[in-house]
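Undergrad: Residues per chain are reported as follows:
Number of protein chains: 2
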Amino acid sequence: MHAPATFLTAEQVRRIHEAALEILEQVGLLVRNPKARSRLAAHGCRVDSETLIVKFPRAVVEEYLKVIPPKFKFYARDPQFDRTLPDDGPLVATASSAPNMVDPVTGQERRARSDDIARAAHLVMGLPGIDVFSVSTLADDAPPGQFSLSRFYPALKNCSKPVRTSVINPGEGEQILKLGALIAGSEAAYLERPFITFGHCAIVPPLTMDFDSTEMLMFFAERGLPHYGTVVPNAGLTSPLTLTGTLAQGNAEVLAQSVLTQMSRPGTPMIYLTLPTMGDMRTGAYSPGAIETAMLLIGFAQMARYYNVPCGGYVGLTNSKISDAQAGYEKGMSPAAALMGGLNYFVMGGLMDALMSLDYGQLVIDNEIALMLKRAARGFEFSEQNLALDLIAEAGPGGMFIDKTHTLERMKEAAFLPDIADRDPRAKWEEKGRLTSHDRAMLRVRDILTRDNPAVFSPEVDARVRAEFAGLVAGDSVPPEGWQKVEPARERRRRREGSTS
Amino acid sequence: MHAPATFLTAEQVRRIHEAALEILEQVGLLVRNPKARSRLAAHGCRVDSETLIVKFPRAVVEEYLKVIPPKFKFYARDPQFDRTLPDDGPLVATASSAPNMVDPVTGQERRARSDDIARAAHLVMGLPGIDVFSVSTLADDAPPGQFSLSRFYPALKNCSKPVRTSVINPGEGEQILKLGALIAGSEAAYLERPFITFGHCAIVPPLTMDFDSTEMLMFFAERGLPHYGTVVPNAGLTSPLTLTGTLAQGNAEVLAQSVLTQMSRPGTPMIYLTLPTMGDMRTGAYSPGAIETAMLLIGFAQMARYYNVPCGGYVGLTNSKISDAQAGYEKGMSPAAALMGGLNYFVMGGLMDALMSLDYGQLVIDNEIALMLKRAARGFEFSEQNLALDLIAEAGPGGMFIDKTHTLERMKEAAFLPDIADRDPRAKWEEKGRLTSHDRAMLRVRDILTRDNPAVFSPEVDARVRAEFAGLVAGDSVPPEGWQKVEPARERRRRREGSTS
Numbered sequence: 041m042h043a044p045a046t047f048l049t050a051e052q053v054r055r056i057h058e059a060a061l062e063i064l065e066q067v068g069l070l071v072r073n074p075k076a077r078s079r080l081a082a083h084g085c086r087v088d089s090e091t092l093i094v095k096f097p098r099a100v101v102e103e104y105l106k107v108i109p110p111k112f113k114f115y116a117r118d119p120q121f122d123r124t125l126p127d128d129g130p131l132v133a134t135a136s137s138a139p140n141m142v143d144p145v146t147g148q149e150r151r152a153r154s155d156d157i158a159r160a161a162h163l164v165m166g167l168p169g170i171d172v173f174s175v176s177t178l179a180d181d182a183p184p185g186q187f188s189l190s191r192f193y194p195a196l197k198n199c200s201k202p203v204r205t206s207v208i209n210p211g212e213g214e215q216i217l218k219l220g221a222l223i224a225g226s227e228a229a230y231l232e233r234p235f236i237t238f239g240h241c242a243i244v245p246p247l248t249m250d251f252d253s254t255e256m257l258m259f260f261a262e263r264g265l266p267h268y269g270t271v272v273p274n275a276g277l278t279s280p281l282t283l284t285g286t287l288a289q290g291n292a293e294v295l296a297q298s299v300l301t302q303m304s305r306p307g308t309p310m311i312y313l314t315l316p317t318m319g320d321m322r323t324g325a326y327s328p329g330a331i332e333t334a335m336l337l338i339g340f341a342q343m344a345r346y347y348n349v350p351c352g353g354y355v356g357l358t359n360s361k362i363s364d365a366q367a368g369y370e371k372g373m374s375p376a377a378a379l380m381g382g383l384n385y386f387v388m389g390g391l392m393d394a395l396m397s398l399d400y401g402q403l404v405i406d407n408e409i410a411l412m413l414k415r416a417a418r419g420f421e422f423s424e425q426n427l428a429l430d431l432i433a434e435a436g437p438g439g440m441f442i443d444k445t446h447t448l449e450r451m452k453e454a455a456f457l458p459d460i461a462d463r464d465p466r467a468k469w470e471e472k473g474r475l476t477s478h479d480r481a482m483l484r485v486r487d488i489l490t491r492d493n494p495a496v497f498s499p500e501v502d503a504r505v506r507a508e509f510a511g512l513v514a515g516d517s518v519p520p521e522g523w524q525k526v527e528p529a530r531e532r533r534r535r536r537e538g539s540t541s
Numbered sequence: 041m042h043a044p045a046t047f048l049t050a051e052q053v054r055r056i057h058e059a060a061l062e063i064l065e066q067v068g069l070l071v072r073n074p075k076a077r078s079r080l081a082a083h084g085c086r087v088d089s090e091t092l093i094v095k096f097p098r099a100v101v102e103e104y105l106k107v108i109p110p111k112f113k114f115y116a117r118d119p120q121f122d123r124t125l126p127d128d129g130p131l132v133a134t135a136s137s138a139p140n141m142v143d144p145v146t147g148q149e150r151r152a153r154s155d156d157i158a159r160a161a162h163l164v165m166g167l168p169g170i171d172v173f174s175v176s177t178l179a180d181d182a183p184p185g186q187f188s189l190s191r192f193y194p195a196l197k198n199c200s201k202p203v204r205t206s207v208i209n210p211g212e213g214e215q216i217l218k219l220g221a222l223i224a225g226s227e228a229a230y231l232e233r234p235f236i237t238f239g240h241c242a243i244v245p246p247l248t249m250d251f252d253s254t255e256m257l258m259f260f261a262e263r264g265l266p267h268y269g270t271v272v273p274n275a276g277l278t279s280p281l282t283l284t285g286t287l288a289q290g291n292a293e294v295l296a297q298s299v300l301t302q303m304s305r306p307g308t309p310m311i312y313l314t315l316p317t318m319g320d321m322r323t324g325a326y327s328p329g330a331i332e333t334a335m336l337l338i339g340f341a342q343m344a345r346y347y348n349v350p351c352g353g354y355v356g357l358t359n360s361k362i363s364d365a366q367a368g369y370e371k372g373m374s375p376a377a378a379l380m381g382g383l384n385y386f387v388m389g390g391l392m393d394a395l396m397s398l399d400y401g402q403l404v405i406d407n408e409i410a411l412m413l414k415r416a417a418r419g420f421e422f423s424e425q426n427l428a429l430d431l432i433a434e435a436g437p438g439g440m441f442i443d444k445t446h447t448l449e450r451m452k453e454a455a456f457l458p459d460i461a462d463r464d465p466r467a468k469w470e471e472k473g474r475l476t477s478h479d480r481a482m483l484r485v486r487d488i489l490t491r492d493n494p495a496v497f498s499p500e501v502d503a504r505v506r507a508e509f510a511g512l513v514a515g516d517s518v519p520p521e522g523w524q525k526v527e528p529a530r531e532r533r534r535r536r537e538g539s540t541s
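Those protein sequences? They're chains F and U, same order as listed.
Count along the first sequence from 1, then add 40; that gives the number in the numbering used here.
Count along the second sequence from 1, then add 40; that gives the number in the numbering used here.
FYI, nobody ran anything at the bench for these hints, they're computed from the structure.
Incorrect hints may have been included.
The list treats identical chains as interchangeable, and a pair is accepted whether it falls inside one copy or across any two copies.
No more than 20 Å apart at the CA atoms, straight line, and that leaves these computed lysine to any residue pairs for SDA-like [as the list claims (entries may be wrong)]:
| id | residue 1 | residue 2 |
| --- | --- | --- |
| 1 | K95 | L429 |
| 2 | K468 | F121 |
| 3 | K444 | V100 |
| 4 | K468 | P139 |
| 5 | K75 | D127 |
| 6 | K472 | G169 |
| 7 | K218 | D492 |
| 8 | K218 | E262 |
| 9 | K452 | Y326 |
| 10 | K75 | N426 |
| 11 | K75 | Y104 |
| 12 | K95 | G307 |
| 13 | K95 | Q66 |
| 14 | K468 | Y326 |
| 15 | K95 | D479 |
| 16 | K468 | Q148 |
| 17 | K95 | D430 |
Chain F with its partners taken away, still in its complex shape (with noise of 0.2 Å):
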C-alpha cells in the first residue's frame, strides 16, 4: 500500500495527542497497584495518597514516550516462524480467552478445556495465514495453581509459532517462565529467544489502572519480556459515546500504560493495541463485530503512527453465534477496512458470540480472510513489466491472454487462490453435497487434526516439563471421541450412494 486511509486530520492528530495530555495532567488515572503509584511518583507524577489519583505532567509523558522502539518482535519456538512489526506485516493472531468451545463433534457449545487448546494449537500450525497463537480459550479442567500452564502448556507443546497469552499474578509467571526455560533447556536459552509473548489489561476504563494486571506489566517490562496490553473502551459504557471523545480517551490510556513501562525499563518494546467498541445502547449490548470497532481502530492506527508504535487491535470479531453471513460479513469487514487504515496486528481468529466461544471452522475460515488480507497488503507490485504494454500490445484488440507466457508465469501467484471460497459452477457444488463454507472449514480441520503435528515437542522436553510440574494436563492433540459423528456432507452422500471415488 502506498497510503492507509485516513479519518483525521494532522491537525485533529495533534489536537487528540494535546487532549491526552490533558487528561492525563488534569483528570489523572485511578491507579490500584500501590507498587505502580510508586514508580510512577519516582519519576516525576503527582499522586494523592488519599484518591490514589496520578496526574501526569506533560513532560513526563513526554519524555517516556521517546523512548518507545518502533519495533515488536515476536520470537517462536521454531526461529523460521519470528515475526517483526511493521516489517513482517500485517501479522495476525487467533483472538483469546474464550470461556467456551463450539464442540466440533457435537456443535454444542460447552466449556473449553486444555485439549481444545491442544488442538487449537495444532491447527494453527496447519493455517499460514496464522502468525501467532494467542491462546484461544481457557481451560476448566486446569489443576488448582495450574490456571495457566494449563493453558500456555498445551498451546506450546503442538505450536511452533509465537505462542502469546496473559497470566494471573506474578507467582504463574514465574511458572510459565519456568515452562520456557525447561523447553529452552535453560533460562539463558529461553532469555535469548523468548518465544512467548505475554498480554496484559492493566488498563480498565474510564481511567484506571488495576491491581494484578499492573503488577503483571511492571513484572514483564523490568525482566524484558515480550508483552503488550491491550486497552479496551467500550463508548458510551466506559467512554464517551462519541469516536472523537473515546478516541481522545483510550488514547491518554494507552499513553498512560506506555510511560508505566518505559519507567519500568526504557526501550521495552510496546505494541499500540486496544479492542475499541461502541455499546448497542438499545440494550447494552457488546458488539465488536460492529463497524465502529474498525473506526476506531483506524483512529488509533492514526495515533500509533503519530507516536511511531506498532499498531494493532482485536478485529474480525462478531456476535453471531454460528458461522452464518453475520459471522463473515461481521469478520470480514473490519479488517478489510482496518487494513486499509493502516492497521499492522490484527487478533482476529476463531472467536464467536462476542469473544465468548471458539469455533475451529470459523478459525479456518478467519484463516482464508487472513490471507485475503495479507493479498491486499502486497498491493500492485508495480512495475515496467507488471504494466505489460507489450503483452496488451502482442494481444491486440480483441485478443487473448490466457495462452501467454507472461500469464503462465504468474499463474499460481497473481491471484490468492482460496481453498475454502467455493468457486464451482452450481450444479458441481450441488453435486459435491451443497456445503457450506463451514462445512468445508470442518473438513479441512478434521484433515489437519488427524495428520500428525511435527511441530509438537520431543519426547525429551516432554519429560523435563512433565518431571517439573506435577498433575499437569496431558496437553495432546487427539482427534476427538466420535469424530466421525461429523461426517461432513460430502463423505455422507458418497457413502449413500456407494461411490467409492
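Using the hints, position chain U against chain F.
TA: Frame of chain F, contents of chain U only:
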C-alpha cells in the same frame, strides 16, 4: 473520511495515465460499430477501414477528457430519492441482470420472472441502505418484443427510487423512453427529470467496442439521457494477469468509452465504473468475490480521482450459492476495503453465485452491509463537543458514562444499530430458535412484501401505460404463492409450543 487509502503513488498514477494514452495511440481499439468509427474519425481519431482498428491520438483523448463533468445525478420518480455523486456518496445500488432467482418459497434456484422484479423493487423501497434499483434480474416471461419493458415496467411501477438497467437496442430504448413519458405525464416532463438511468457495456475487453452496446452509448449520449457504461476486464483472460497491467488496459478502455461519449455530446455526466476481476487460473472460474476485485477498484478509484470523475464499481459480489460465511466475508470485505479506497458508488446488492441469481434475503443482508459502509463514510464527526473533555473529567477515573446527558442525547445516532445482526446473549438467541442471519433477513423480506407499497403508481398512470403496451406483464408485487411454507424457525417454534406471545 479525511483521505482515502492508495495503492499507487502520484507518479504511478501518471504512469498509468500515460500507459493508457500509449495503448490508445499505438494499439487502438477494434470498433465494430460503423457509426462509432465515423464519429471517432470525424473528431480526429485514425480509423483503419480494413482492420476496423481505431487509434486515438493523445491530443484527442486529452481534449475530450477535459469536458467530463465532475458530478453525476441519479433522478428518481420521487424527487426525495434523487441522489448526486460524489456529494451524496457513498451510494449503493443493487447488482443487476441475474438470469436466475433463488425462489423465496422453495429456496431453489429457477429462472427469474417479471414478478420477481416487482417484488425486488418493492423490497428496495423498504431498504434504506439501497439508493438505486439496478434491475436485479432478467424476466424469463417477457413477451416477444418486450425484453426490456418486462424489466423496467415492474421496476418503475414498484420503486420510486432511481431505476437503472440496460436495453438491448435502439428500438427498445425508444420503448422505455415512451414508458418514461407515460409515467411522467409527457415527454417533456420526463426529460426534465429523467428518472431512468441507462447502462451499457460498449467495451468488450480487450480493447474492443461492440456493435449493439456502442450504438446504445451513442443513443443515450445524443439524447442527453443519464447513463453509464461498465468496463469488465478479467485479468488473465481478457487483460494481463497483473493488477498493474489490468489497471492500465482497463483505464485505456474507460478513456476510449469516455471519448466517444463526449464526442457524442460534450459535457455528458459519467461514472468511471468497472467490474474488474482476476481469474482463478486453476479452473478459469469467474471470481468477482475475490479480494483482487477490491484492489483493482481501489486502483481505478485513484484514476477516477485523477480525472475528477465519480467512480463506482461492482463490488460485494460472491461466488457462494447460499448465504453462508463465504457470502458474508466476500460481500463484506471488498466494499469495506473499496470504501476506504475512495469508491463513491457501490453496485452490490442481492446477487449470489457470481452474478447468476438474486436472493431476497441476501439483499436484506446487503442492505445492512450498505448501512455499515455509510456509517463508516460519516467518519469521526470531529468537534470539540464530540471530543467531550469536560465529560471525561466529569465521569472521572472509574466513573460512568451511561447516565450522562451527553450519552443520552446520542443513544440513537452515535452507532449504527443493525436490524439483522444478532447481538443477543446465546441463551436468548437459542430461545428465539437459533436463527441464522438469512432466516432473520427472510422474516424482514416477508414483513416488507406483505405490507402495502406506497410507491406503486397511481391506477391512472398504470392505465395509461397498459393501454400503450399490449400484452404487458402484470408487474405487481404480490406475496409469492405458498409463502407460508417458509415459516421461519421462530414462528414454527412458537406454534409448536402453543405460545401466543
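Undergrad: Quick check: which numbered hints come out false for this structure?
TA: 2, 3, 5, 6, 7, 10, 12, 15
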